[in-house]
Every structure is written in structure tokens, then in C-alpha cells.
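Visitor: Sequence:
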Amino acid sequence: MILLLTGLLVSCSTKKNTAGSRFWHSFNARFNTYFNGEQAFIEGDKAKLSSHVDDYTQLLPVFLVGSEKSREAGKGNYETAITKCQKAIQLHSIRRKPKVSPGKRKSPKTKQYLQRQEFNPFLKKAWLLMAKAQFQKGEFLEAAATFSYITRHYKAEPVVVAEARQWMARCYAQLDWFYDAEDALSKALRDTLSHRRRMTKEMDATRADLLLRQGRFADALPFLQSTARHARPKQQKARLYFLIGQVNRQLGNDKEASAALKKCVRLSPPFELSFNARILQTEIAASNPGQAKSMLKKLRRMARNENNKDRLDQVYYAMGNIHLSLGDTAQAISAYEKGREKSTRKGIEKGVLMLRLAELYWEKRDFPNAQACYTEALALIDKSREGYAEASRRSKVLDKLVPFTSAVHLQDSLQALVLMPEAERNAAIDRVIEALKKKEEEERKASKDSAAAARMAENQDGGNGNNANTNTNSNTNANAKDGTWYFYNSLLVMQGKEDFRKRWGNRKNEDNWRRSNRTVVSMEQTEGYDYEADDSLSALQDSIAAKEGVEEETAADSVSAADDPHRREYYLAQLPFTPEAKEESDKIIMDGLYNAGVIEKNDLEDFPLAAETLTRLTRDYPSFEQMPEALYEMFLLYSRWGRPEEARTIRDRLAADFPDHDLTKMVTDPDFEWNARYGREIEDSLYAATYTAYRLRDHAAVESNFARSTEKYPKGLNRPKFIFVHVLDRLATAPVADLTKELRELLEAFPESDVSPMAGMILKGLESGRAIGSGHFDLASLWNRRTAAADSLAAATGGPNAFTDEKNAPHLFVLAYPTDSIPANLLLYETARLNFSSSVGRGLDLSFSHSEGLSFFTVSSFRNFNDARNYANRVAADSVLAPLMKKGKVLIVSEANLRLVGTTFSVNDYLEYYDTVLAPPAPVPAANEDGSLKEEEPILQRYEDELSPEELERIEKKKEEDNGGTDDEGEWYPG
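Heads up: the sequence shown begins at 847 in this note's numbering, then just goes up one per residue.
These are calculated hints, taken from the structure and not from any lab test. There could be a bad hint or two in this list.
As the list claims (entries may be wrong) - Label pairs and their in silico Cβ distance ranges:
| no. | residue 1 | residue 2 | range |
| --- | --- | --- | --- |
| 1 | Asp1409 | Pro1603 | 40 to 46 angstroms |
| 2 | Pro1597 | Ala1274 | 40 to 46 angstroms |
| 3 | His1076 | Arg1147 | 33 to 39 angstroms |
| 4 | Phe881 | Tyr995 | 21 to 27 angstroms |
| 5 | Leu1282 | Glu1183 | 16 to 22 angstroms |
| 6 | Phe1024 | Glu914 | 16 to 22 angstroms |
| 7 | Glu1209 | Glu914 | 50 to 56 angstroms |
| 8 | Phe1117 | Glu1183 | 22 to 28 angstroms |
| 9 | Glu1183 | Arg1494 | 45 to 51 angstroms |
| 10 | Leu1455 | Pro1603 | 23 to 29 angstroms |
| 11 | Glu1209 | Gln1137 | 22 to 28 angstroms |
| 12 | Glu1209 | Asp1409 | 36 to 42 angstroms |
| 13 | Arg1146 | Ala1273 | 31 to 37 angstroms |
| 14 | Asp1212 | Thr1579 | 55 to 61 angstroms |
As the list claims (entries may be wrong) - Below, computed lysine to aspartate or glutamate pairings styled on EDC-like, alpha-carbon distance capped at 20 angstroms:
| no. | residue 1 | residue 2 |
| --- | --- | --- |
| 15 | Lys1139 | Glu1129 |
| 16 | Lys1428 | Asp1466 |
| 17 | Lys933 | Asp1022 |
| 18 | Lys892 | Glu925 |
| 19 | Lys1610 | Glu1594 |
| 20 | Lys1083 | Asp900 |
| 21 | Lys1184 | Asp1174 |
| 22 | Lys1155 | Glu1209 |
| 23 | Lys1242 | Glu1268 |
| 24 | Lys1242 | Glu1451 |
| 25 | Lys1188 | Glu1268 |
| 26 | Lys1428 | Glu1591 |
| 27 | Lys1001 | Glu964 |
| 28 | Lys970 | Glu884 |
Just so it is clear, CB atoms sit at the ideal spot from N, CA and C, and this is done for glycine as well.
Produce the complete structure using the sequences and hints provided.
Guide: This is the structure we're talking about:
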């Protein structure tokens, strides 16, 4: 019996290819490992479908995995399926060809069979299931690679190859590799001419998805309809009919769209899908002006339906869209605002509503309302959504613009109130007070209602704190479930910022922002926001809102009339009745108009609006202190706008009113247009020449170039550097008062310049009375720096004062670089990555040290010179670390020699010693035929600071050419 069983097992080994072994391994693979994997795959599909949340504001994806948020669903099941398939392939693969009698004639069918690489007839299903599971996990590249392998592994079986290719096309489509997807699909169609009916269902779905992703809606529609007819289960079929309705609406086929949506509703899909289908039906029907009123009535009925109370934002959004299609913008805004007010969710639907509302306010130039809407919308929509980038740009522009336009509007309103008759003025103030009281009452009532609702929900839930609140924050909860850390989830971060802004307002980003008593150290005393007063007012409002009856009356009476926004005196105290108050109000208006005009010109690029703003400033406020700058901005505005006559008029006015101003000299310069086009390059070259002259101590050239920069490029990008080099060149000769004055002007005019920190330190030293040294500061002298008393210190302590050539002692790999020229975190991360890529580098220690402008990054624990040098070769061969090394100088140095670098000897001293003593001998060059040695050009390592300005310029130009050049069109260069 034992011998029989042994023989049976041997005969069923994968090393034998017989009918019995093929049957055994096929049977075992199918009903053991593969069966378990298939069941896991099915469960994964169910989990993905049940947890999938569609964004009905955009075209639905054909495949659920097309939504990034659904790729995590069922992931564990798919991983199980992949593991089971891998196990089936590993245990049951038969690669050995069957034995064929040598003298037997081979038929074409037999020859084709013998060309196979896999003889287990069932394993092709395991391969396909494994690749499909990878696809459903969202690992499209891995799935495409597996399908590609299947096409090669089963090349003798055309049906298997065709199925793998159409799934490969599906993977490529998800990656937006449209050419590769079309190529794979065409080959799959070619290989299935005789099996077309069998492959139609899957092939149509793949082609529909590919064509929709390419925006070819009309071509995709027939394949999408075929896919919907054969789709299973019913929920997926309903999704596809909704998608067909969306596509037909895109194509303007309203009748077909409405029919598809009716089919969707008849399938009794989940409530969310059914609700959105009905909403879309009303919008499509309303495109016919004759049905618009009836559709609005239908939407109002939906708004009154208690079942839709948590989706009122969508209902009012649809109503606003209908009004907008009829050209009634005012009614559309009213509907959108009502949806904003009634919304109980923080989902994508409200985000889309807010985005549409923000666009309408933007078009109407109602910037304060547009700013609020854009801010709220960006907290609700995803970054990948079309239009997000433009909305983000507009939001940033409005954040800069609105404070100035709001200030102008407020002061205009206050001055208008002053000019009113007293009765009208008091009536206007009374209306403001009534509106304030009404708003406070609504807020107080809403607060009480929300608190009562929360207590009721808690009581209904048994007090266990498990109230899911599925009707609110649905989008936030969905995003929080994916396991992403809060600060890596941009949507949650934006929502947090918006909640903070609503509670605390637009607070300055600074330390101790919440504290009332703070100490601020700055060069100038500036007035900040009075947080203490704001917090006190907030506390007062909270206390008033919390108290009722007698306590509320007592609190109100304790506030003086001038401080109570519910009394006329509060508003009258803010009106500019006196000439002094009027003058202060005018200053706020002038400052707001100037800054608003510049932002409208540069950021908003609304030239008519900018011209209107700046024209009002220059016409109505001739006493404006920055009038030359305002006229200059108008000159640039009209030049960019293509209005040369207006530009010349402004230039002439500037020359007549401010003939000695720097801006006047610049715009009246005959070479102004040349400088405007090429000023950046010319100024860069001038600064390079100035710095070279400074290093060579050519004081006359520095003075001459500085004067030319002052005359030609007073607003140039390199202006702070010119001033700084000019100060450095005169440190030992100019009066201290002149130096401090020039440094202070630099810091006030260019506080964000990269030379400002160093200028501030020099200014601090001069103002504290410290003596100026006799040396000459040179940025390139970092490599030659050594302490002045190093020799005497070494002699006094008996320490070494010369380098040693000992190579068997512990050595270090050191990168010396100018401080802040290399990101320390990047350097640390990339070096750790290199070290962990091999066992040799895992025990190395990494550290940083700093010394007067130089930083040292040290890799230690090398046993000897050769180990450190081999490590340096690995670093030089790394594509990421090698460019970083060129920003500094690499030292392979012993611990004893490193102690001398920067004290007794400089970095360059050690490099010279290394090249002459420690560096390995150069290889013997090859010999010519006559026996003479071939001369080879030495390969020199050159660092960035050793390159001339011309060489650096050529390198930068080469980089720009490689990157496709730069776009300098736009603003004139502010020379």
C-alpha cells in the first residue's frame, strides 16, 4: 500500500507531464487555493460596491476603482485573492513538456499545444484572477505588468492573450496612457475575431471607459449603453444609466438623457443615487423655458419634503442653475445663498454650490462675498477637481485685495453718512442696529436649537457617544476613514482652517496669537491687532448670549453708549466729523486705493478696474505721499494694456510734477524700453562685475557700478545686493553714520532679501560701538578661513600643528558647505537612504556641525582611509547626492586632521595636502605605438563657487534651454 501511494504521488508530481498529473493539479488548484481566492475576490467586490460613494457633481467613473477614494475598500480581500493565486501557481504549475513518440507525426494542433509554456489547463484563471485583484486594489502598473506577462506566457492561447490585453488596456486607461490603451485594445480585437461574442461585455466596458477619459463622449455612448444592458448587480446597472444621462446631457441630447435617468430611477437604486437622478431630471427638463416654472415648483416641493432636509443644498443648487439658464442672475444668487444657509453637510455638493456662487460674485466684482465663498469652497472640494487651481489662485488674490477694498468702502460709507442730513443719518444707523439685533437673535435661536438637537440625539443614542451623525460632515468622515494622517489630507486641513477663521477671524500667523500680553521685538514699533480687546468683546458677547432676563439687562446697562453697537452713539463716534478725523479717513482711502490698484493690475490682471481705481486716487487725492509710485504703476498699466497714448500722458505728468524722482529718471530714460525688456540680464551682469571688483578690491569700479545701479535699476532684483556690497567695500573707510544709514535703508526697503540677515548683524554691531576689523570680507574666503591664534594655541598646548598621513586610523567623510546652501533635511534623508541600501553603510553615524558661515556634514565610523574613500565613490555615483556634493567640498579626513581644519589650517589647505600626499596615485596612461605615453586630459572637480560669473551664466542658460526656456512676458522689468 505504501509503495502504491508513493508511486501515485510521484506520478502526480509537477515534474511529470502526463494526463494524470495534469488532471490532478488542475483539480487541486481549482477546488483548493483558487476557490478560496475567488471567494475573497467576490467579497472584495461586494465591499467596494457597498462602501463606494459617488460624486454626482462630476461624471461617474465606469469602474468603481476609477474613484481614488474607493481603492482602499476591499483591499484585504484582494490581497488574500492574490496570495491564493500565487500559491496555486507555485504549487501546481507544470512547465515540463509532455513526452511525444519520436516517430509519431505531429499535427498542427499538437505542434501548437507543445508551444505552450504552462500545461496545467486551469492555471490561466489563477493568473488572470491575480492580475484582476491587483487592478481592483488600484495598483494599475503592477496589474498591467502581470497582464503583459500573461500575454507572453500564454502566447499559444489567443483567447487568454486577448482577455489579458483588454484588461491591460483598462489599466493603461486608468493611468491616462491612452496610446498604449488603444494599441492593446486593437490587438485584443484582432485576436478575438472568432470569439467576439464571448469578449463583448468586458471589451465594451473597457472601450467606454477609455473614450470617456479622452473626452470622446459621442463615440463612448454606444459602448456605454451596451455595458449598462449587461451590467450586474442592479446597483451598478443604475449607476451606468445615470452616467448615460450625464453623457447625453453633455452632448445636448436632453430627451435621451431624461430617458436614461428614468431607467435609473426605475431600478430602485439607493436613495442617494435616486435623489440625484431626480435632481438632474429637473435641470434637464428646465432647459426648455416652457417647463422651467413647473420644474421650479417641483424642486420647491422637494425642499419641503422632510426626507430631503439634509440635501437642501443640492435642491437649491438645482434651482439656482435653472434661474441661471433663464438669465436671471439675481434669482440664481438668491437660490445659491439659500442653499448655503440651509445646508447641513460639509460635503462636495456644498463645495460645488459655493464654487458656483463665488464665480458669480467674481463676475459681478463683489470681491468680499467672492472671497468668503472661495475660502469655503476650497475647504470642501478636492485638489484634483477641475477648476481647483484657478479657484485657489483667485482666493489668494482676494485675500490680498479685499482688506484694502473693504477699508475704502467703509471709509466712503462713513464720509457719506457725515454729509447726510441728521434725520437720514439717524435712520440709516437705526437700520444697521435693527439688522444687528435680528442677526443676533437668529444666532441665539440657532445655538439653542442645535444644543437641544444634540442633547436629544445623545439621549436617543443611550448616551454611549456613538451618534454617527451621518447627515453631516459626510465628506469629512469619508476622508477620515482612509487612514491618512490629518496633515497629509489637504481637504481636512482646509476645513480646519475655515473652521478656525469662522471662530477667530483672520488672525496673523505668529507666536502667542491667543495671549493678551505679548512682547514683540522689532526694529520699528508697529501697531498690531488688539487681540485683548477682541477677546474681551467676544467674551462679553458670549456672556450676554448666555444670560437671560435680569442678568442680560444688567450686562447691557453696564456698557457705555459709545461702546455698545446697539446704540446710535457707538456709530456716531466712528464718523469723521472733524477735519482731523476726515484727514485720517482720507489717508486710509488713499492707502487702500493704491494697494488695491496695484493688486488689480498685477494679480487680478483686471486692467479696466485697476485703471479706474488708480485714476480715482491720482485725481481726487493730489496730496497722496506716494503719488510718483502711483503714476508709475499707471504708466506700467497702460503700457501692458496696449494704450501708448495714455502711457505717454502719465509719463509726461510724472516728469512735470516730479522731475527729480528716481522713477521719473527711469521712465524718461531713452533706453527705458530696452531696459524693460533686457534689464534683468543686464543688471545680473552688472552685479557679477561689481562683486568681482569687490573681491579684487577695485573700489573705483564698485563705486561706479553702484552709482549706475542707483540710476538705472533702483527697483531691480539685485538692488539689496548692490547696497550690501557697497557697504562692505567701504567698511574700513566710510563714517559709521553713513554705513548705518545705508544698512538701515536696505533693511527697511528689502526686509525679505537674502542679504538682510547679515546686514542686520553688521548694523547691530556698528550701532553697539564695536570696532571695525581691518580684514577684507570675501564670500569665497570661507575655504581659506582659519583662526588667527591657532599656531600660538597649538604651541602652548603641545598639540599637533601639522597634518598626518596615517591611513590606518579611523577616517571620516565630511562635506563642508556654506551654511544654508544645502537643505539639511534633504542631505540627511538622502544619505540615510544610501546607507540603508547596503549592509556596509548601516552602522555609520551622521552628524552636523557649524562654524562661522560653514557647515560640516560628517559621516563617521570608517575603520581606515580606504573605507572612507570607497564610500565617497558610492556617494559620487548616486544621482541625487552627487549634485549636492558640488555645492560644497568633500573631505576624506582622519579625526586628528579634522581637528586642524578651520583652526591651524583652512579647508583649501587640507585639500591641497590631500592631493599631494594622501590621494591614490594616478593610473599609468596607455602607451602609443612608438612607446610614448598617451596624454589624457585630467578630469577636474570644480565647485560652484570656483566658477566665473560667465560660466555660471552659461550653465543656467543651458538649464533653461533644457527645460524649454522661460516665459518673461508680462510685467516690465522694474529697473
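Visitor: State for each hint whether it applies.
Guide: Hint-by-hint comparison with the structure:
1. Asp1409 with Pro1603: 40 to 46 angstroms: 44 angstroms, holds
2. Pro1597 with Ala1274: 40 to 46 angstroms: With Cβ atoms ~42 angstroms apart, the hint holds.
3. His1076 with Arg1147: 33 to 39 angstroms: Holds, at about 36 angstroms.
4. Phe881 with Tyr995: 21 to 27 angstroms: 23 angstroms, holds
5. Leu1282 with Glu1183: 16 to 22 angstroms: Given range 16 to 22 angstroms: holds, Cβ gap about 19 angstroms.
6. Phe1024 with Glu914: 16 to 22 angstroms: Holds - the Cβ-Cβ distance for Phe1024 and Glu914, about 19 angstroms, lies within 16 to 22 angstroms.
7. Glu1209 with Glu914: 50 to 56 angstroms: 32 angstroms, violated
8. Phe1117 with Glu1183: 22 to 28 angstroms: 26 angstroms, holds
9. Glu1183 with Arg1494: 45 to 51 angstroms: 46 angstroms, holds
10. Leu1455 with Pro1603: 23 to 29 angstroms: 38 angstroms, violated
11. Glu1209 with Gln1137: 22 to 28 angstroms: 27 angstroms, holds
12. Glu1209 with Asp1409: 36 to 42 angstroms: 40 angstroms, holds
13. Arg1146 with Ala1273: 31 to 37 angstroms: Since Arg1146 and Ala1273 have Cβ atoms about 36 angstroms apart, the given range 31 to 37 angstroms holds.
14. Asp1212 with Thr1579: 55 to 61 angstroms: Given a distance of about 59 angstroms, which is inside 55 to 61 angstroms, the answer is holds.
15. Lys1139 with Glu1129: 11 angstroms, holds
16. Lys1428 with Asp1466: 14 angstroms, holds
17. Lys933 with Asp1022: Violated: Lys933 and Asp1022 sit about 32 angstroms apart, past 20 angstroms.
18. Lys892 with Glu925: 15 angstroms, holds
19. Lys1610 with Glu1594: Holds, at roughly 14 angstroms.
20. Lys1083 with Asp900: Roughly 14 angstroms between the alpha carbons, so the hint for Lys1083 and Asp900 holds.
21. Lys1184 with Asp1174: OK: Lys1184 and Asp1174 at ~16 angstroms, within 20 angstroms.
22. Lys1155 with Glu1209: 31 angstroms, violated
23. Lys1242 with Glu1268: Since the Cα atoms of Lys1242 and Glu1268 sit roughly 41 angstroms apart, the hinted pair is violated (cutoff 20 angstroms).
24. Lys1242 with Glu1451: 14 angstroms, holds
25. Lys1188 with Glu1268: Roughly 39 angstroms between the alpha carbons, so the hint for Lys1188 and Glu1268 is violated.
26. Lys1428 with Glu1591: Not satisfied, since the Cα-Cα distance of roughly 32 angstroms exceeds 20 angstroms.
27. Lys1001 with Glu964: 10 angstroms, holds
28. Lys970 with Glu884: 13 angstroms, holds
Comparing the model with each numbered hint stated earlier shows that hints 7, 10, 17, 22, 23, 25, 26 do not hold.
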